[in-house]
Amino acid sequence: MENRIMLAHGSGGKLSHDLIEKTLLSTLGNPILNKLDDSAVFDLCGRLAFTTDSYTVSPIFFPGGDIGKLAVCGTVNDLAMSGATPLYLSLSFIIEEGFLTRELEKIVASICQTANEANVQIITGDTKVVNKGSADKLFINTSGIGLVPSGIDISGANAQPGDKIILNGKLGEHGIAVLSRREGIELNVPVGSDCAPLNKVVAEMLEISTNIHCLRDPTRGGLATTLNEFAQQSNVGIKIEEDSLPANEAVLAACELLGFDPLHMANEGKLVAIVAPADADKILTKMRQNQYGTEANIIGEVVEEHPGRVVMKTHLGSSRIVDMPVGELLPRIC
Amino acid sequence: MKFINEYCDRELANKLVARIHHQSTKPIKLMEFCGGHTTAIFKYGIRQLLPKTIEMLSGPGCPVCVTANSDLDKAVALAHLPNVIITSFGDMIRVPGSYSSLQLAKAEGDNVRVVYSTQDAIAIARDNPDKSVIFIGIGFETTAPTIAASIQQAEQENINNYYVLSLHKLSPPIMKAILDMGELKLDGIICPGHVSTIIGSYPYQFIPDNYGIASVISGFEPVDILLCVDMLVNQIESGQPRVEIAYRRGVKPEGNQPALEIMDTVFEVCPANWRGIGSVPSSGLRLKQQYQQFDAESNFTIDPEPTQEPQGCICGNVLRGVSRPPECKLFRTACTPEHPVGPCMVSSEGSCATYYHYGVDDGE
Amino acid sequence: MCLAIPAQVKSIDGHQAIVEIGGVTRQASIQLTPEAKVGDYVLLHTGYAINIIDQDEAEETLKLLRELSEIY
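Residue numbers (this note's numbering), protein chains in the order written: chain A, 1 to 334; chain B, 1 to 364; chain C, 1 to 72.
The hints are simulated quantities; they were obtained by calculation from the structure and are not laboratory data. A couple of the hints might just be wrong.
Label pairs and their in silico Cβ distance ranges [as the list claims (entries may be wrong)]:
#, chain 1, residue 1, chain 2, residue 2, range
1, B, I302, A, D153, 34 to 44 angstroms
2, A, L15, B, P82, 31 to 41 angstroms
3, B, T307, A, L15, 51 to 61 angstroms
With the Cβ distance kept under 10 angstroms, some of the chain C side facing chain B (calculated, not the full set) [as the list claims (entries may be wrong)]:
#, residue
4, T25
5, S29
6, H45
Residues of chain A placed beyond 10 angstroms of chain B at every Cβ, according to the derived structure [what the hints assert, rightly or not]:
#, residue
7, K14
8, S26
9, C45
10, L87
11, S143
12, I185
13, I208
14, T210
15, A253
16, D281
17, R320
Glycine residues also receive a C-beta, built at the ideal position from the N, C-alpha and C atoms.
Extracted from the complex, chain A is given alone in its bound form (with noise of 0.2 angstroms):
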């Protein structure tokens, strides 16, 4: 019989403590956690970026990741959008009564990994047991905070006409990945999430340029989403060009069958990066020297006209309106 986190483990007694020394304070400990204080108390100077999410990704163990890495990188990855480096994060639990004990231990142990990749700690964090049927297995908050470097401003609002604009690799892998192991859609994907912390390449390109002007990963949504949003809010126009989008075939084959569009599709190691026309190849000559960027590529530019919409040059030549999806993706037959 396999051992279940049950109500007791989160109740802050005995059961609590010995979950929290065996599962977590083993494989995140470090000397702030490591003191169970009420608050994590620690010394920062200097201006602040400050973010939080929450993850309820079904299934939890996908193709490439699951639920601990994407809590992780998730978090680190809004906090270097804003430019700013990533130091700690909590992490809070909402766990299901009969939850595998050797699953929880496998997503910390993916917690762990993924924070000692993007360099940060874990400095507090909360555990609660919920009654079987109120949470979907695992639901997983993180909070982070870090530090900008002065003279960095970056805003979705600050796009400019001439800017080009930087994806640092092929659409779409973390939505299909996850949305082929949901029940009813089975489809076999070699496809694995792109889930990964961007701290360091986005680091990088700040080393290299102080013309960033934009940067954001395009998660829920998809690129589509994102470029709108910059459009929406620089009130701009923004041209990509669909042949020099990177794309993965089978993910191209994947939303062919269920009837998507690569555009918005979920990625989870992806960034867009619009940034001033004269440090365009620089800046890209530098992503793609690091790993989370070998297929970035420049897709298109800031421009007058059409403020506030995107437009893609087609395959063909001719051009079409890129808009948000609306509402959930879900497979269709037409």
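Given the coordinates of chain A, work out where chains B and C should sit on it, guided by the hints.
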């Protein structure tokens, strides 16, 4: 991807565009009857490439959009029943009926699941023997054989808790009904692609014979559609309307015989209620008597509230090709994809959603 | 009404086949195309093969298109 990429070739497309421009001398109206064609035409910017002499219209080719409110209300009423699992293609989930949608029903606690295939619905029925699994059967002749096959499979495997709500519709009868209405003077018809894979090309013969209208069956990639338009222009300019197949790799004149036989074994033709058009004789499918055990309407008692049509919505006119979406007062104001009033805005290949997403506001 | 994708039959077991497109594989029923063989390309619609693609016609169409005159 084989049999897709070759038909996206820019050079071949450009050649066809040049031919069409060269051949087309007089203003003509072409209508497509297939949601997949509606989407492809916008997605590839086909209308921009064609000469101004050619006007492209969309007909009732989206099976979601043509589903009457009364039928949507039935699906939602079934979802409210105890011990029922509703299974449906994703297309139907957000479509509003008179009062609710399957998505809302799910949020309220009903058991509604999106499936990619009826095979998944059968698996759910197998795994949940104490529940009734009802599949919402929409689609034209492309999909009806797959539902028929699922019913035969359920019969063979003694799965007694699988049911189908048959809302299937047929293409040639609605094409005839639209032509008989006489609201539009069409010169050519882009005939459905995968419907024709099943039914072949013979069922469209009445179009050139009785109405003198050019008819060509089209595939879905840009070269396929341009080839179809090229062939239509050729028929029209030479005054020789007939039925031709541009999508030769996917359609044979006699169609898919095994699929037609399975359809014929399980279904029989009946009148169907089309949104914006009303009842059209012999345009729908219902389960034959010997398959009544799988028929959701016969086996479940539901009493939906009286049907209500959304105020101000002109989906019916849009479906008949008589109005364009931007002519609707609700378009982009009260009716958007986030807050749709009618199905043409909800369905991913409804005309209104397509015009909205591809940013077409004027009579382009 | 229409989302059907060309996929290649990789293996068959009774009425079920494994089909592949662009590296993606899925189970599909060949109840509607009982004559399908391994190596054939079929049109996949909602988990069923609804037709076998006529490869000769495909090639013929492309050949004709390639031969179309460029000059107008």
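Hint check results:
no. : hint                                   : in the structure
1   : I302/B with D153/A: 34 to 44 angstroms : violated (60 angstroms)
2   : L15/A with P82/B: 31 to 41 angstroms   : holds (38 angstroms)
3   : T307/B with L15/A: 51 to 61 angstroms  : holds (57 angstroms)
4   : T25                                    : violated (14 angstroms)
5   : S29                                    : holds (6 angstroms)
6   : H45                                    : holds (6 angstroms)
7   : K14                                    : holds (38 angstroms)
8   : S26                                    : holds (39 angstroms)
9   : C45                                    : holds (44 angstroms)
10  : L87                                    : holds (38 angstroms)
11  : S143                                   : holds (28 angstroms)
12  : I185                                   : violated (5 angstroms)
13  : I208                                   : holds (35 angstroms)
14  : T210                                   : holds (35 angstroms)
15  : A253                                   : violated (6 angstroms)
16  : D281                                   : holds (27 angstroms)
17  : R320                                   : violated (5 angstroms)
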